[in-house]
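J.: Sequence:
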Amino acid sequence: MAITADVIIAVAIAPSNGPAKFRVQNVDAEKFAAREFEVPQNGDFDIDATALEWSNYFKSGLRGALELLKSKQKTSEPFQPAGMDILIDGTVPPGGGLSSSAAFVCASALAAMRANGVEKVDKTELVELAVVSERAVGVNSGGMDQAASVFSARGSALYVSFVPELKAKLVSFPETDPELVFLIAQSFVVADKHVTAPIHYNLRVVECTIAANVLFKIFGLKGSLPEDKSPLGNSLRSFHEAYFQQKEGVSDPSAVSVDEFQVQLTKLVQLTEDYMIQEEGYTREEIGELLGIDPAEIDKRFCSKFAVRAERFKLRQRALHVFTEALRVGHFYRILTDSGSKSTGKEVLEELGSLMNTTQESCRDIYECSCPELDTLCELARGAGSYGSRLTGAGWGGCTVHLVPKDKVEAIKDAWRVGYYAKKWPEVGDQDLEKWRGGAVVVSRPGSGSALYQVPQ
Numbered sequence: 001m002a003i004t005a006d007v008i009i010a011v012a013i014a015p016s017n018g019p020a021k022f023r024v025q026n027v028d029a030e031k032f033a034a035r036e037f038e039v040p041q042n043g044d045f046d047i048d049a050t051a052l053e054w055s056n057y058f059k060s061g062l063r064g065a066l067e068l069l070k071s072k073q074k075t076s077e078p079f080q081p082a083g084m085d086i087l088i089d090g091t092v093p094p095g096g097g098l099s100s101s102a103a104f105v106c107a108s109a110l111a112a113m114r115a116n117g118v119e120k121v122d123k124t125e126l127v128e129l130a131v132v133s134e135r136a137v138g139v140n141s142g143g144m145d146q147a148a149s150v151f152s153a154r155g156s157a158l159y160v161s162f163v164p165e166l167k168a169k170l171v172s173f174p175e176t177d178p179e180l181v182f183l184i185a186q187s188f189v190v191a192d193k194h195v196t197a198p199i200h201y202n203l204r205v206v207e208c209t210i211a212a213n214v215l216f217k218i219f220g221l222k223g224s225l226p227e228d229k230s231p232l233g234n235s236l237r238s239f240h241e242a243y244f245q246q247k248e249g250v251s252d253p254s255a256v257s258v259d260e261f262q263v264q265l266t267k268l269v270q271l272t273e274d275y276m277i278q279e280e281g282y283t284r285e286e287i288g289e290l291l292g293i294d295p296a297e298i299d300k301r302f303c304s305k306f307a308v309r310a311e312r313f314k315l316r317q318r319a320l321h322v323f324t325e326a327l328r329v330g331h332f333y334r335i336l337t338d339s340g341s342k343s344t345g346k347e348v349l350e351e352l353g354s355l356m357n358t359t360q361e362s363c364r365d366i367y368e369c370s371c372p373e374l375d376t377l378c379e380l381a382r383g384a385g386s387y388g389s390r391l392t393g394a395g396w397g398g399c400t401v402h403l404v405p406k407d408k409v410e411a412i413k414d415a416w417r418v419g420y421y422a423k424k425w426p427e428v429g430d431q432d433l434e435k436w437r438g439g440a441v442v443v444s445r446p447g448s449g450s451a452l453y454q455v456p457q
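Residues in the sequence shown are numbered from 1 upward in steps of one, following the UniProt record's numbering.
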């Protein structure tokens, strides 16, 4: 789901007879310096993914939009992108685990498409180009953040699937008394994916991809692991489909019901536990032996597209997290869609909260993407009345999200003030946590996704 924090881009078209000129400014000019650049008439330009440059996120959305527009151009006229004057503002904290980069890239792509004359933007196209675009700044984004940024609707969660194609289904939360709200707490541990990706975010992508290839070999599946749209060409979902097609005779494992999909995932969890047994992880030599390739080939095949640093790869843990988290997503969806059978809204929220708590445990212990600060925020919230608490975003810092009855909001904020913020920053005192440091705490309901507003002439 989307929250009520936002990224807003104001755009004026800047006509030009030559290269398109772009002037990009941020309301917070001290932190984000203004930038100017040009794009040639064919719309092609490069982005330096090694540079820690805030405007690269705008450029990545722009480049993705221009590539899409060029591919759909029906005339023989040379492609001429429109220049733009851009002013950017927003309330999503950068590096806070609230998908600020996805929101920025989606908004940039949407702005560029509208500035170049697109009247109606296909949401699926927007999500898909935003996913690919964000990879231009060196981050292996999977697509969930972009889908939430684009498809979300007020008051609802999203059930998103990517296979066989991108689909997003709105699912309503139950009405409860007291009202349900989401609290988001900022740890102020900055999760800069651009800097830490080689040992964190990108490494997990590599570990999951290697795990899929190893499982494919362990079970003697024929042919090669099917390709998909994941960053390295195949994924644990590829193994999932290949296994049930070849071993169980399921012609299309992605076309089954949610309940049958849950059965498949339960089996994959058991298979991983039984056959991928090394808790300490696998060296390149051990992976090479399992795959029947030279260890030197491991880096070339899995670690050359995106930089990673690791001596051992925890394949068992990463696969178990992915499969069990998919199980929890299905269970969450089923609870919401079957909520009419529950005696009270509270019963529904307790079940949902339990799933969130289990996810946090898995993020901490199995996928290892939490950190002590996130763990503390979750523990304090649960102790003060949260139904469920977990990290959100890529992890390793950033924010936590909490499913909370409205009458517990102040108690949880007080617990955070005393047990976390005041210990690290005594100057917080009695300041409003929703305003302190730009908003340490956000109280939100499920919000809307992307939208366009054209100022009347």
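Some hints could be false.
[Said to hold, decoys possible] Straight-line Cα separation of at most 27 Å, BS3-like style, residue types lysine-lysine; simulated pairs:
#1 Lys267 to Lys167
#2 Lys408 to Lys346
#3 Lys169 to Lys222
#4 Lys31 to Lys21
#5 Lys70 to Lys123
#6 Lys120 to Lys167
#7 Lys222 to Lys70
#8 Lys247 to Lys305
#9 Lys31 to Lys74
#10 Lys346 to Lys229
#11 Lys229 to Lys247
#12 Lys300 to Lys346
#13 Lys247 to Lys222
#14 Lys217 to Lys267
#15 Lys217 to Lys167
#16 Lys305 to Lys217
#17 Lys305 to Lys70
#18 Lys123 to Lys222
#19 Lys70 to Lys120
#20 Lys423 to Lys435
#21 Lys305 to Lys267
#22 Lys31 to Lys406
#23 Lys72 to Lys120
#24 Lys70 to Lys167
#25 Lys72 to Lys217
#26 Lys346 to Lys267
#27 Lys21 to Lys169
#28 Lys120 to Lys229
#29 Lys435 to Lys424
#30 Lys217 to Lys169
#31 Lys267 to Lys247
#32 Lys72 to Lys123
#33 Lys346 to Lys305
#34 Lys123 to Lys31
Since the hints were derived computationally from the structure, they do not count as laboratory data.
J.: Identify every previously stated hint that the structure contradicts and give their numbers, smallest first.
T.: 3, 7, 8, 9, 10, 12, 15, 18, 21, 22, 25, 26, 27, 30, 33 and 34
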